[in-house]
Amino acid sequence: MKITHLLLAGAMIMFLVFCTQDPLETWEQKNDRGQLERFQRRKDNQKREGLYQRYSAEGILLEEARFLADSLHGERKYFSATGQLESIEHYQHNKIHGKFQSFYPDGKIKIEQDFVEGALTGFSIRYYPNGQMEEKVQLKNNVEDGPFTEYHENGQLKTEGTYAPNEEGDGLENGELKEYDESGQLIRLAECQNGMCLTKWKK
1 MKITHLLLAG
11 AMIMFLVFCT
21 QDPLETWEQK
31 NDRGQLERFQ
41 RRKDNQKREG
51 LYQRYSAEGI
61 LLEEARFLAD
71 SLHGERKYFS
81 ATGQLESIEH
91 YQHNKIHGKF
101 QSFYPDGKIK
111 IEQDFVEGAL
121 TGFSIRYYPN
131 GQMEEKVQLK
141 NNVEDGPFTE
151 YHENGQLKTE
161 GTYAPNEEGD
171 GLENGELKEY
181 DESGQLIRLA
191 ECQNGMCLTK
201 WKK
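The sequence shown begins at 1 in the working numbering and counts up by one.
Rather than coming from a laboratory, the hints here were simulated on the basis of the structure. One or more hints might be untrue.
Stated by the list, open to error - Each computed SDA-like pair below joins lysine to any residue, with the alpha-carbon atoms no more than 20 Å apart:
1) 136 with 155
2) 95 with 143
3) 136 with 109
4) 140 with 175
5) 136 with 111
6) 136 with 179
7) 140 with 97
8) 95 with 51
9) 200 with 181
10) 30 with 62
11) 99 with 87
12) 99 with 119
13) 43 with 29
14) 110 with 155
What the hints assert, rightly or not - What follows is a list of derived Cβ distance ranges for each label pair:
15) 105 with 170: 31 to 37 Å
16) 63 with 130: 26 to 32 Å
17) 43 with 118: 29 to 35 Å
18) 160 with 30: 50 to 56 Å
Even for Gly, the Cβ is constructed at its ideal location relative to N, Cα and C.
Sequences and hints are given; from them, build the entire structure.
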């Protein structure tokens, strides 16, 4: 019985030792700009895994990201030289994928975009510093393709139309284009073809 207890105790100790062995280590180095980089990496192959942070010479956090098998994977944040959040990106296996946001110095949202495997896809929305929407445009594989709207800073509609890619793959105005003044009154109608817009009516 005593031998059995000893064997069980030994097995438990070995199990605890195995569980407490962390496969990751924290590493620090200076980049070519003299900025401190602190990150986790695997002990067996030195590949980055987990949290990555980059600091200015003054010790201010400039970047924070997550790695998986030495590739960006997860959330990535950039900060200004004064430590204010500038942008948030998301990655999957080293490709930007998911929502992107950038911010004004006061923290208000500036741009919102969606990426799919490295390409802008969906609506790209830009805001004025006062928080009002400035522009909303649809993109497909990095090209403006679909409806777009622009707004005055007071929130009134400014322009609405449609983009379509040409033979070179550039998104250009096509179809009807409408323009409005700051009170929301229609002031111009135009017909567009490959970015060339001819006025049909003007107030």
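Each hint, compared with the structure:
1. 136 with 155: Holds, at about 13 Å.
2. 95 with 143: Holds, because 18 Å separates the two Cα atoms, which is no more than 20 Å.
3. 136 with 109: The given pair, whose Cα atoms are some 14 Å apart, holds under the 20 Å limit.
4. 140 with 175: Holds, because 18 Å separates the two Cα atoms, which is no more than 20 Å.
5. 136 with 111: holds, 10 Å
6. 136 with 179: With a Cα-Cα distance of about 15 Å, the restraint between residue 136 and residue 179 holds, given a limit of 20 Å.
7. 140 with 97: Within the cut-off at roughly 14 Å; holds.
8. 95 with 51: holds, 17 Å
9. 200 with 181: Cα-Cα ~17 Å, so holds.
10. 30 with 62: Answer holds: residue 30 to residue 62 is near 14 Å, not above 20 Å.
11. 99 with 87: holds, 11 Å
12. 99 with 119: holds, 11 Å
13. 43 with 29: Holds - the C-alpha atoms of residue 29 and residue 43 are around 16 Å apart, at most 20 Å.
14. 110 with 155: The hint holds at about 15 Å.
15. 105 with 170: 31 to 37 Å: For residue 170 against residue 105, whose Cβ atoms are near 33 Å apart, the range 31 to 37 Å holds.
16. 63 with 130: 26 to 32 Å: holds, 29 Å
17. 43 with 118: 29 to 35 Å: holds, 31 Å
18. 160 with 30: 50 to 56 Å: Because 51 Å falls inside the window, the suggested range holds.
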